[in-house]
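J.: Using the sequences and the hints given, assemble the complete structure.
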Amino acid sequence: MTDSQLIAAALAVPATGAGLVALAGRWPDARETLTLAAAAALFAAVLALLPAVLAGARPELIAWDLLPGIAIAFRAEPLGMLFALVASGLWIVNSIYSIGYMRGNKERNQTRFYACFALALAATMGIALAANLLTMFLFYEALTLVTWPLVTHHGDAEARSGGRVYLGILLGTSIGLLLPAVIATWAFAGTLEFTPGGILRDAGLSRGALAALLALYMFGIGKAALMPVHRWLPAAMVAPTPVSALLHAVAVVKAGVFAVVKVIVYVFGVDALAGSGAADWLPAIAGFTIIAASIVALRSDNLKRRLAYSTVSQLSYVVLAAALLTPLSVAAAALHIAAHALGKITLFFAAGAIYTAAGKTQVSQLDGIGRRMPWTMGAFAVGAASLIGIPPAAGFLSKWLLFQGAASAGHWLAIAVLTVSTVLNAAYFLPIVHAAFLREAPGGEPAHGEAPWPIVAALVFTAAATLALPFAVGVPLGLARSVAGIPPAGISP
10 MTDSQLIAAA LAVPATGAGL VALAGRWPDA RETLTLAAAA ALFAAVLALL PAVLAGARPE
70 LIAWDLLPGI AIAFRAEPLG MLFALVASGL WIVNSIYSIG YMRGNKERNQ TRFYACFALA
130 LAATMGIALA ANLLTMFLFY EALTLVTWPL VTHHGDAEAR SGGRVYLGIL LGTSIGLLLP
190 AVIATWAFAG TLEFTPGGIL RDAGLSRGAL AALLALYMFG IGKAALMPVH RWLPAAMVAP
250 TPVSALLHAV AVVKAGVFAV VKVIVYVFGV DALAGSGAAD WLPAIAGFTI IAASIVALRS
310 DNLKRRLAYS TVSQLSYVVL AAALLTPLSV AAAALHIAAH ALGKITLFFA AGAIYTAAGK
370 TQVSQLDGIG RRMPWTMGAF AVGAASLIGI PPAAGFLSKW LLFQGAASAG HWLAIAVLTV
430 STVLNAAYFL PIVHAAFLRE APGGEPAHGE APWPIVAALV FTAAATLALP FAVGVPLGLA
490 RSVAGIPPAG ISP
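In the working numbering, the protein residues as written are 10 to 502.
These aren't lab readings, by the way, just hints derived from the structure by calculation. On a predicted model such as this, the values are computed, not experimentally measured, just so you know. Nothing false has been slipped in among the hints.
Derived Cβ-Cβ restraints for the label pairs, each shown as a range:
#, residue 1, residue 2, range
1, K115, S417, 47 to 57 Å
2, D74, G494, 29 to 39 Å
3, K115, L422, 49 to 59 Å
The beta-carbon is built from N, C-alpha and C at its ideal position, and this holds for glycine as well.
T.: Printed below as a string of structure tokens:
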């Protein structure tokens, strides 16, 4: 296949998979086999694009010329490849996990679940491979719409309420803020094509105009969950755990921070923003989100809520890194997308395993559970270590690069934020691990063991990958380096 055909396959495979899953709804084994086959085929297509991108090529596919200079078009570049690899690879693992979870909890509407999940991956590929702002915006909106049935999966009053918040905030920010920013970019620059160095670098905008336009983008990309447009994320925790994993690790929030980095690098341009000072306010907003969300997580007894606010905090690590506008920090932003995905999906997998095997949802209920579920809680400990930044877990590497980027910029506020947030990360994760392994389980508790094997296999795999990434970091680090424009010897892990 040519590179253009591989891009087409990356878009078509999950969409076709969704249709086949819907047709196979009466036969669960066939439905789940088709899900796994589609996930594997998507990962293979993305992986086949990788050598060309690493070699410096930028394969393209123009799907539809709407108007002169405006097209639905796709291009494989380093940042998009990193996001596409993470999302497509984790879809395979999440599908295995979902089989154990959905069957183990006897969930209803499983065909709709698998079909919408596949459509979400199709939209994610459209975002990752978008060649211009219009294409990214359309697939960004599509991702919101196809994940709404997943958020409201249970169909009860709580699910419907969470779904309203989810849809209201994400559509409200994208239509009310992001779309006007895209239109303004077209008006100022006469193009929407992502451009190395920035679409707007020669637009002649004042510092105030650039700052205002940047604000429209940063808050319009609601999936990045900058405060105060973050409430959709904890509200969406009413969904089944595999959906939470999709939201936090595979697609939705990663689409948000990916779009933030893409806009800073390819719309405004890192050098142009640094020279204008138009982004000087953004590190403060990201830093506030990091600390405030960590404090909420620390006070949350519900395990999924704690993990949700942890995600709000960790997403702003990516925003902060991109906003520092140094090569090292931009590379850290790109790399943290992958590192956070592995750590956070492991944590949500563990939360779902605990619910499936023991029916527990509160942090205060986890005393002694590590003795009955050692694989699950061992994996949880690995995911927690990664998000804290404890070596050798993956999060250490991206956080170390972010510290280096902040130091190279002389941004002591960012260093202080990272230091305080690391302490807070430890404060809300380590007590869970301590209680699980070093406290006695309450007397009279019914005996239980691990969750079904597909769940355990998936979470053990992602925990192992979290530990392995720093030792096999060549590809993600090479892509992150390319995004930041750093030569091969410019970063040492």
